[in-house]
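Visitor: Assemble the whole structure, with the sequences as input and the hints as a guide.
4 protein chains.
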Amino acid sequence: MTAKKEIKTIGVLTSGGDAPGMNAAIRAVVRRGLSRGCKMKGILKGYNGLLNEEIIDMTAVDVSDTIERGGTILYTARCAEFRTEEGQKRGAEICRKHGIDALVVIGGDGSFAGAQKLANLGINTVGVPGTIDLDIACTEYTIGFDTAVNTAMEAIDKVRDTSTSHERCSIIEVMGRNAGYLALWCGIANGAEDILLPEKYDYDEQKVINNIIENRKRGKKHHIIINAEGIGHSEAMAKRIEAATGIETRATILGHMQRGGSPTCKDRVYASIMGAKAVDVLLEGKTQRVIGYKNGEYVDFDINEALAMTKSIPEYTYEIGHALSHNYSKNVK
Amino acid sequence: MTAKKEIKTIGVLTSGGDAPGMNAAIRAVVRRGLSRGCKMKGILKGYNGLLNEEIIDMTAVDVSDTIERGGTILYTARCAEFRTEEGQKRGAEICRKHGIDALVVIGGDGSFAGAQKLANLGINTVGVPGTIDLDIACTEYTIGFDTAVNTAMEAIDKVRDTSTSHERCSIIEVMGRNAGYLALWCGIANGAEDILLPEKYDYDEQKVINNIIENRKRGKKHHIIINAEGIGHSEAMAKRIEAATGIETRATILGHMQRGGSPTCKDRVYASIMGAKAVDVLLEGKTQRVIGYKNGEYVDFDINEALAMTKSIPEYTYEIGHALSHNYSKNVK
Amino acid sequence: MTAKKEIKTIGVLTSGGDAPGMNAAIRAVVRRGLSRGCKMKGILKGYNGLLNEEIIDMTAVDVSDTIERGGTILYTARCAEFRTEEGQKRGAEICRKHGIDALVVIGGDGSFAGAQKLANLGINTVGVPGTIDLDIACTEYTIGFDTAVNTAMEAIDKVRDTSTSHERCSIIEVMGRNAGYLALWCGIANGAEDILLPEKYDYDEQKVINNIIENRKRGKKHHIIINAEGIGHSEAMAKRIEAATGIETRATILGHMQRGGSPTCKDRVYASIMGAKAVDVLLEGKTQRVIGYKNGEYVDFDINEALAMTKSIPEYTYEIGHALSHNYSKNVK
Amino acid sequence: MTAKKEIKTIGVLTSGGDAPGMNAAIRAVVRRGLSRGCKMKGILKGYNGLLNEEIIDMTAVDVSDTIERGGTILYTARCAEFRTEEGQKRGAEICRKHGIDALVVIGGDGSFAGAQKLANLGINTVGVPGTIDLDIACTEYTIGFDTAVNTAMEAIDKVRDTSTSHERCSIIEVMGRNAGYLALWCGIANGAEDILLPEKYDYDEQKVINNIIENRKRGKKHHIIINAEGIGHSEAMAKRIEAATGIETRATILGHMQRGGSPTCKDRVYASIMGAKAVDVLLEGKTQRVIGYKNGEYVDFDINEALAMTKSIPEYTYEIGHALSHNYSKNVK
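Chains as they are written, first to last, in UniProt numbering: chain R, 1 to 333; chain H, 1 to 333; chain C, 1 to 333; chain S, 1 to 333.
Don't read these hints as lab results, they were simulated from the structure.
Model, not experiment: these values are computed from the prediction.
There may be inaccurate statements among the hints.
As the list claims (entries may be wrong) - Which stretches of chain R does chain H cover? Using the computed rule of at least three CB atoms under 8 Å from a CB of chain H, they are:
hint, segment
1, 70 to 83
2, 166 to 180
3, 256 to 270
What the hints assert, rightly or not - Selected chain R positions facing chain C (in silico; Cβ < 7 Å):
hint, residue
4, E140
5, M153
6, I188
7, N295
8, A323
Said to hold, decoys possible - Simulated pairs of lysine-lysine, DSSO-like, Cα-Cα distance not exceeding 27 Å:
hint, chain 1, residue 1, chain 2, residue 2
9, C, K39, C, K5
10, C, K39, R, K220
11, S, K294, H, K294
12, H, K239, H, K220
13, S, K286, S, K311
14, H, K239, R, K239
15, R, K311, C, K294
C-beta atoms are modelled at their ideal positions from N, C-alpha and C, and glycine is treated no differently.
Guide: Encoded structure:
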């Protein structure tokens, strides 16, 4: 879809759950836009702030010293009203009222759906994938995943220390909503004995229990289970496992710390490129696009196509994750 | 109390909850003992391992590359049997059987009580304070506190990022058992709006709620409450606060990650000095002692005196903790 | 090229400069090999150790608790002798003597050239890309780059703090040998005012000096220049810049810290998959291959083809790196 | 010395080298002052900014979200003019002109000397010890040391990884100006084989060389030498050592990264208490004081007495530092 009018003013907002690197993306959008001659506006608190007209001018200085900061300086929120047709129309009108010709939306699939509607109402839009969950099908990378997975991994390394000292079983629940990417990566990176993913879980807890008992017989000091948020119920699972195995078992739910923190280098770099590309795509006259990183390149997709894509846990990675931590077990004392 | 016999062989064990820096202390005990001509033995899994005769020789190489590692390479455990007189007698006999003249016990008050009994039964003992809770009265420093408080603080910094982005109220529960030191330090270091300590808590939740409402009126974006494990019930508290204030409120229980991780510089240095001093104290012919850091010096106390001491939250620190985060509020927009 | 004989015993070595994640790769090679029924041998100190027959058996336990450790448990070294035909023949003979049918070589292009020779002499070989420099043409990812770039970035964040406080100009020299990838990524991630890459450097220092003077006029508090090792001479550059601008200018050469440290999640995960895939490729009967990550997939290439490939700094990334930090400057006070 | 007049307006400045935690101290000064009813002013760029009248009002919001940030939001600089009597008189006049009754000076001994002069000229002053060097005699703690020593230690842990992989000797030069505290702490915490302190160095390089050769004979894989800035010349030392031992030897000068970074928990907490206490001391009517932490307590001293104190490397700590890393060596393979 190609936009008709010239882009003079570009707005930017963050929407949905926040993710480390969103500030790097905002900074890139603002600075790229300014350097290409546009006026830049920040919309606070996502679509909610749009409907409340919480709109501010953005200069290059406003995004100074933000690339290294977690959270989003534009704040974020959910917005029920914007899911209605009336809300969307009001949003488009407010954009026009404030002279916003084009909008960069940093967020996940839900946020892109909003951008899709605005595009249909004449506001040029482009989405930038920002979510720690990595659950956007059109892209191999989403802003925040790399920071979140390192935060979780480092926390689990610490849990593992004490788990080993006490010869405990530990269940650590990581975020990811319905997607298991965070859990899978942590499972591999932390050398977990079991990795429970919503995409693969068969609810056969007895297998997990048998695995613990066998590992203990072979002399393993700890037993780390990474459990995805999409499965959840880690506390209850810990109690059942302790009852079944007689081995002290504790659950840790890592929680909101996974959403914050100074972004990693990858998150800062990719968010910078994607944010700049979003502006470049708009200034090429495109609209209703989503930026992605696919097959080693930064690309852009039509939002409708992007939202229709699916992706799944990579099979070889999943197989190796399992093989390295517990299939090897016959050979271990 | 002065030991009679010459010390030829020294054992070392870790007992109770593990703490980062315990390995630095073990390394120091082993290397200081070896350099002073002793034979060194490691007892695995605390008093439990003593009763099971899980005793190994320790050389300088066995503790190489351990100063930077979390957990305890000697493992740790609780031991009900050792709380009985019979268990203690058996423990002393096993020491004698293995030629262990003296024992360094790294742990908390409970572990020192065991050392006290062994000393009465003729085994020269010295305790080294190791607990993340800082709840040992005779010393201003306990191995692991500094690492744990930094781990918690860094996690809370991250929670604060996302709490601000979403304008949430966040309750973060930190460890410390019945003591509020971890909570107080985090409260100050994270600039928390409320700090709930078991030593000071009046169970007046309405004050907390009023504080949140007033802060929000004044435009504060987040509201961070540090809750001590000794108070607990953070999840239920979050639900009540959300119901009372209408502000989204989430609880995070940091959990076992606070027990692990590579020790901070302070924990490595103090643990090294204390471990070495424990050996030096034994070789001076002393027994039934506890190492402490008090008034700017490394010292040793009689275990009985040490166990009889009390300490409490420092009043000025507590007052400042409150003053900096919310008393200032009249002046804030 | 396809191997003729059945693979019963696989050796693994690390060669060239070490990189964080090499241990994760070794662990994956060893455990994948064992789980597929092979005998596994570790060769110490690269080709040097091969020629000295420093060869040890590897069990699953030998690689326990190594995934999170920096360095390489197999050590590494340079080896002049192995660059000679005689050395290579001796190497192949020693492999045969020790029953090593196949060899996984973790390292850079130089190490792969050795593997190529051994393959020609009848030892099945596969290379796994391990270098912090990212300068292996056949792959978008090399083990260690992600950790090194984060280490450098975090150090530069710290330099930037003090650089701002003192309103200094800071030149920070990062590793990368003749390649500018580390410098480019840090330049973007740290929001550097100038990024000097060997691939792009025109040795026009006056441009850098003019840029500093203009930025200072506009009120910028710091001026961060990331200089790649391939350009070097940061100390002399700092002196010249200070003389020309009158602005206090300091050089920091980050040095060997960039080679160590616990690997990031990406380095652990990718190293694990690549290590496992190296074994799988050998057991498919292939030889003289290099594992790569290209276009979003783990793949393997013929060593000859791999060594003939070239790659260069991605232009769009380079352009954006510049645009975000100093082209925007007209708009900044 | 007791002040005569009532304190209505308090100024705060940072002076000398910056240190992590200075922002926590500024925040505490500002918020404590406001909560006790004072007007607060920030003076930019130390005494330099005072003489240039770079003076701003400070509200509670101005110090929001600064406790976790490195550097100093007030900037810092050296000021030759303020070392002259005329400069000091002008400084005092400017204070009076801006209604500044009292001044909190965060810095080192040099900065306190300035405060002493201003006090003699009728401006009530109190110093807060801020320097990463720990070289202020009246206090066991100085703001920034704890962060700097952890930054250095973590960097050295990384150097050690690669030093081990390559079986290298590494000399790492840490900051501290003429004081060896940073070097001593790192030496112990990193398990260094040699620790070179200006207070103890006998310039007998042959001893260091012999130590390296003996350690290598005994099979030690790395040899870490921590060299203090007060000794310096690490590059030349590395060359001489490599020539004398034949062992590859590399120098790393950690440099300015040691001055930056988010402060540790200890730096945030102690800086908060000390900053608040500075205000309380002024409001008690005192002047010409320095805040210290001594014998387990926050205290205040007369500046003249404080500047006349001396302190030295603690002997037992120094002895243990050596004993743990290389005296033990007879027993090591």
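Visitor: Against this structure, judge whether each hint is valid.
Guide: Evaluation of the provided hints:
For a cut-off of 8 Å, the count of residues in the segment 70 to 83 of chain R with a CB near a CB of chain H stands at 6, and the three-residue condition holds. Three residues within the 8 Å Cβ limit are the bar, and the segment 166 to 180 of chain R against chain H gives 3, so the coverage statement holds. Only residues whose C-beta sits within less than 8 Å of a C-beta in chain H count toward coverage, and the segment 256 to 270 of chain R has 6 of them, enough to reach three; the restraint holds. The beta carbon of E140 of chain R is positioned within 7 Å of a beta carbon in chain C (closest approach about 5 Å), and the interface hint is therefore held.
Proximity of M153 of chain R to chain C holds as hinted, the smallest CB-CB distance being about 5 Å (cut-off 7 Å). Taking 7 Å as the C-beta cut-off, the interface hint given for I188 of chain R holds, the closest approach to chain C being about 5 Å. Hint status for N295 of chain R: holds, given a least beta-carbon distance of 4 Å to chain C, under 7 Å. For A323 of chain R, the suggested interface contact is upheld, since its CB lies about 5 Å from the closest CB of chain C, less than 7 Å.
In summary, the hint linking K39 of chain C to K5 of chain C is supported, as the alpha carbons are separated by about 15 Å, within the 27 Å threshold. Distance hint between K39 of chain C and K220 of chain R is fulfilled; the C-alpha atoms sit about 22 Å from each other, no more than 27 Å. Between the alpha carbons of K294 of chain S and K294 of chain H the distance comes to roughly 11 Å, so the proposed pair stays at or under 27 Å and holds. Distance check on the hinted pair: K239 of chain H and K220 of chain H sit about 20 Å apart at the alpha-carbon level, within 27 Å; holds.
With a C-alpha separation of about 25 Å, the suggested pairing of K286 of chain S with K311 of chain S holds against the 27 Å cut-off. A threshold of 27 Å between alpha carbons decides the hint, and for K239 of chain H with K239 of chain R the separation of about 24 Å falls inside it, so the pair holds. Of the supplied pair hints, the one linking K311 of chain R and K294 of chain C holds, its CA atoms being roughly 18 Å apart against a limit of 27 Å.
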